[in-house]
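Could you slot chain Z onto chain B? The hints should help.
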Amino acid sequence: GAVVSQHPSWVICKSGTSVKIECRSLDFQATTMFWYRQFPKQSLMLMATSNEGSKATYEQGVEKDKFLINHASLTLSTLTVTSAHPEDSSFYICSARGDRDNQPQHFGDGTRLSIL
Amino acid sequence: GESVGLHLPTLSVQEGDNSIINCAYSNSASDYFIWYKQESGKGPQFIIDIRSNMDKRQGQRVTVLLNKTVKHLSLQIAATQPGDSAVYFCAENTGSSYKLIFGSGTRLLVRP
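Protein chains in written order, with my numbering: chain B, 1 to 116; chain Z, 1 to 112.
A hint or two may mislead.
[Stated by the list, open to error] Among the chain Z residues that face chain B by a calculated CB cut under 7 angstroms, a handful are: (1) Gly43; (2) Phe46; (3) Lys71.
[Claimed, not checked] Pairs of lysine-lysine, DSS-like flavour, derived with a Cα cap of 30 angstroms: (4) B:Lys66 to Z:Lys68; (5) Z:Lys99 to B:Lys20; (6) Z:Lys42 to B:Lys55; (7) Z:Lys68 to B:Lys41; (8) B:Lys66 to Z:Lys99; (9) B:Lys66 to B:Lys41; (10) B:Lys64 to Z:Lys99; (11) Z:Lys71 to B:Lys41; (12) B:Lys14 to B:Lys64; (13) Z:Lys42 to Z:Lys56.
Bear in mind the hints are in silico, worked out from the structure with no lab data behind them. Note that the structure is a prediction, hence the values are computed from the model and not measured. Glycine is no exception: its CB is placed at the ideal position from the N, C-alpha and C atoms.
Next comes chain B alone, as it looks inside the complex (with noise of 0.2 angstroms):
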């Protein structure tokens, strides 16, 4: 089945470093990844749409320039936490989909991100 790897999986660092995750499609290329947050005991919000090579689209509330992504190629797109506090705390997940339609997204394994 599609495989999407998520990298890293946990990080803990300081308040106001940055922090950049990479989600990759290992064996499909994706047309358009997307990036979810979930605090615990909670649903997966959508922060934003990412389709390759162009501009992200970012959900109501979520701030771009805080949540920077860059979709370079069809099996790669980051996420950057620029200048993280503890509020960005929280457990980021990628997905992505191929180009054919009501294919279903397939999601990394997660990331776990800490700011201390």
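Below, chain Z alone, put in the same frame as chain B:
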């Protein structure tokens, strides 16, 4: 819309019994639905999907039922096993944006 909740509803079943997890979706224009399973510390795993032109779809040990009249989706798991213990989310897609709206989730606990 997006669901936010501090406490996940929990379904506790005996190993070997059948499980039914329910989901009410929000948009009558949604035309594609997916069930995902999420284990602790992992990303959601695709289980089964269904299009709006279908009422029922079966997979291995799982069946999804769609009732568009009342905007209701259910996931049936036959002969539930300990490995089925996880949080289950339904998700709906509307239109061509391919964005998914996730339900609030249900925790399934399988008693040995």
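Okay, the hints, checked on the actual structure:
1. Gly43: For Gly43 of chain Z, the interface hint holds, since the closest Cβ of chain B sits about 4 angstroms away, which is under 7 angstroms.
2. Phe46: holds (5 angstroms)
3. Lys71: violated (17 angstroms)
4. B:Lys66 to Z:Lys68: Answer violated: Lys66 of chain B to Lys68 of chain Z is near 39 angstroms, above 30 angstroms.
5. Z:Lys99 to B:Lys20: holds (23 angstroms)
6. Z:Lys42 to B:Lys55: holds (28 angstroms)
7. Z:Lys68 to B:Lys41: holds (28 angstroms)
8. B:Lys66 to Z:Lys99: holds (21 angstroms)
9. B:Lys66 to B:Lys41: Distance ~24 angstroms between Lys66 of chain B and Lys41 of chain B Cα, so the pair holds.
10. B:Lys64 to Z:Lys99: holds (18 angstroms)
11. Z:Lys71 to B:Lys41: With Cα atoms ~24 angstroms apart, Lys71 of chain Z and Lys41 of chain B stay inside 30 angstroms; holds.
12. B:Lys14 to B:Lys64: It holds: about 21 angstroms lies between the C-alpha atoms, which stays within 30 angstroms.
13. Z:Lys42 to Z:Lys56: holds (28 angstroms)
Checked against the numbered hints above, the structure breaks hints 3, 4 and satisfies the rest.
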